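Visitor: Sequence:
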Amino acid sequence: MEINAKKIAVWGLTGATAALCAGAVLVTQTWYSKPLKLEWFYMRAFASAALKSPEMMSQLRVLPGWLDFHSTRLDDESPGRRQEILQDMRDNLAMLDRYDRNALGREAQLSYDTLHYYLTNKIEGGRFYLHDFPVNQMHGLQSALPEFMADVHQVTTRGEAEDYIARLHKFPRKFEQLLELLRAQEAAGIQPPQFLVEKVLLQMHGFAGRPARENMLYTSFKSKLEAIPLADMDEKVRAELLQGAADAIQRSVYPAYAELVRHFVALQGRVSRNNGAWSLPNGEEYYAWCVRHHTSTNLTPQRVHELGLADVERVSGIMDRLLAEQGLEQGTVGERMQSLMRDPRYRFPDTEEGRKAMLAEYRAIMQEAEEKLSSAFLVHPKTAIEVRPAPTQSAATAPTAYYIPGALDGTRPGVFYANMRSLNDIPRFGMRSTVFHEVMPGHHFQVSLAQEMKGVPFFRRVISFSAYQEGWGLYAERLASEMGLTPQPLDQLGRLRDEMMRAVRLVVDTGIHYKRWSREEAIAYMVENTGMAPKEASVEVERYFVSPGQALAYKVGQLTILGLREHARRELGDKFDLKEFHHEILGHGALPMTVLERVVEDWIAKRQGH
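In terms of the working numbering, the numbers along the sequence shown are unbroken and rise by one, the last being 610.
Certain hints may be false.
[Claimed, not checked] Within a straight-line C-alpha distance of at most 27 angstroms, the following computed DSSO-like cross-link-like pairs (lysine-lysine) qualify: (1) K222 / K170; (2) K199 / K170; (3) K174 / K52; (4) K356 / K222; (5) K170 / K236; (6) K170 / K37; (7) K535 / K199; (8) K122 / K34; (9) K236 / K224; (10) K356 / K535; (11) K224 / K174; (12) K356 / K224; (13) K52 / K37; (14) K454 / K52; (15) K372 / K356.
It is worth saying that the hints were derived from the structure and are not from the lab.
Since we're looking at a predicted model, the values are computed, not measured.
Using the sequences provided together with the hints, build the complete structure.
Guide: What follows is the structure, encoded as structure tokens:
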């Protein structure tokens, strides 16, 4: 029997409903002992994690308003909480091992294998629980928390607005926990790179250095209130709530940031190097785990480096030929690409009108891609997508574009953020591959289909594996080209430039963290081989410093998916169907690469009639 996933989540997250459904004895046995059914264990594991994460609860929106216990709270950032999460994972893996995998059907085995891999990998990396940089220039808490408040915290009633203000007053406590974590890291010999300290200070000064009523926490709140009909909230109440938000920003949010700024100002005097993961305690072992974690393979750093060098040479040869056809024959591939990108014919003017035109072109490319998807896919996601400029407080250090998924219940669309920091660094011929990667048929397409899955354990709709998701994004760029969505030679060069960047990442990421390259060496290699502007290359390289191994996921994942496609073509011959292949790749949610390989092998056997 198919059970509505939202009802599953509500049942799992509310003891009262569960008691009504199954009785107190069954609920107690399910919650504290081995659940009678594996599906109940999945529900318990997810519910337990969600109940301890108020921010996850806001993201999921699975409880009715009268059961809301979380919307005035924020997640615990302390090192102790990290240890608790790790212990919960150990307990869940031990419980999962008590079930007989061989007694399960195919789809149930897929759920078992996915969760088993996820927990095993996380536990393996548990001894490195202090090795990340929770405050960083890319997706650090100092910028992610305001974005959560602006993009995720729903405000449609007075009560939800008051919850928003209550959460603003929780910033000091959350930042106290964060500072406890940062001090524990420093005591363990873990310090961030010098550039990170400088850039997050710049971000925080920009965020907290403006009047409260100009802060995004206020302006986004104001926009949400303005969307509420006057019949449901009069002007007097609206004004009172806005004053409450302004007061909370001034009295709670800004003092919390001031404490974090003080910590990083002091850290400036103690940090003087930009080193990779190798410089951290047990750094080589940590990076080897990062490679396994982000690629979901057993590749070594050395092997990844070699794969990268070979792919750089391959893509460079194709680009060299296309550039020569455009009359550009002198200099390295990177130098010739820089020449193209400096050409004003291929850039929007760096003005407000130029920004509007860029957003309009992104939307037009998305529409064009969506109209052609039926040629390669059986189903399309229902979740809407919007294009917005990236928030100004993070634009200086954020990537050219990025994607934030929509709400699971469909009440909030996915968002494609376009960074407008400098239009001089964004060639028009590179915009297509960006859209194909981030939106259609890339991340938005894949993530939304996963969130919309029916008849699977809830965790399957939300779990993440870097190589699968980023590999699909890069595969989507190539697929879009195969579908005729890069009709001009310059469009092809834009796509190949992005593919070259992913190949270069294999070399640069392992160079930084395994071969001990400096920041400057890494930037120079990227500029030489991709044609990226030095400023753009520095943003990329600094991203690799703060997320070791993550940049490897794109190319390793893409190569895996392409390899599976070619394997299926060879095995099936005339029976190969591209739409069916994509349905198998996307129809089960995010998977480890090893599990995905088994899925495709099963599909091949089924098509062959075995």
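Visitor: Work down the list of hints and note, for each, if the structure agrees.
Guide: Now for the hints, and whether the structure bears them out:
Taking the CA atoms of K222 and K170, the gap is about 20 angstroms. The hint holds against a cut of 27 angstroms. Taken as a hint, the K199 and K170 pair is honoured in the structure, with Cα atoms around 25 angstroms apart against an allowance of 27 angstroms. The suggested pairing of K174 with K52 holds, with an alpha-carbon distance near 14 angstroms, which does not exceed 27 angstroms. Note on K356 and K222: the hinted pairing holds, with a Cα-Cα distance of about 23 angstroms set against a maximum of 27 angstroms.
For the proposed pair K170 and K236, the alpha carbon gap of about 25 angstroms is at most 27 angstroms, so the pair holds. A hinted pair counts as satisfied when its Cα atoms are at most 27 angstroms apart, and K170 with K37 does not qualify at roughly 39 angstroms. The suggested pairing of K535 with K199 holds, with an alpha-carbon distance near 14 angstroms, which does not exceed 27 angstroms. A threshold of 27 angstroms between alpha carbons decides the hint, and for K122 with K34 the separation of about 22 angstroms falls inside it, so the pair holds.
With a CA separation close to 16 angstroms, the supplied pair K236 and K224 stays within the 27 angstroms bound. Simply put, K356 and K535 have alpha-carbon atoms about 23 angstroms apart, close enough for the 27 angstroms limit, and the pair holds. For the proposed pair K224 and K174, the alpha carbon gap of about 24 angstroms is at most 27 angstroms, so the pair holds. At roughly 23 angstroms between alpha-carbon atoms, K356 and K224 fall within 27 angstroms of each other, so this suggested pair holds.
Our distance criterion of 27 angstroms between C-alpha atoms is met by K52 and K37, whose separation comes to about 23 angstroms. Under the criterion of a C-alpha separation no larger than 27 angstroms, the hint pairing K454 with K52 is consistent with the structure, at around 25 angstroms. At most 27 angstroms may separate the alpha-carbon atoms for a hinted pair to count; K372 and K356 meet this at roughly 25 angstroms.
This entry does not satisfy hint 6, going by the numbered hints stated previously; all others are met.
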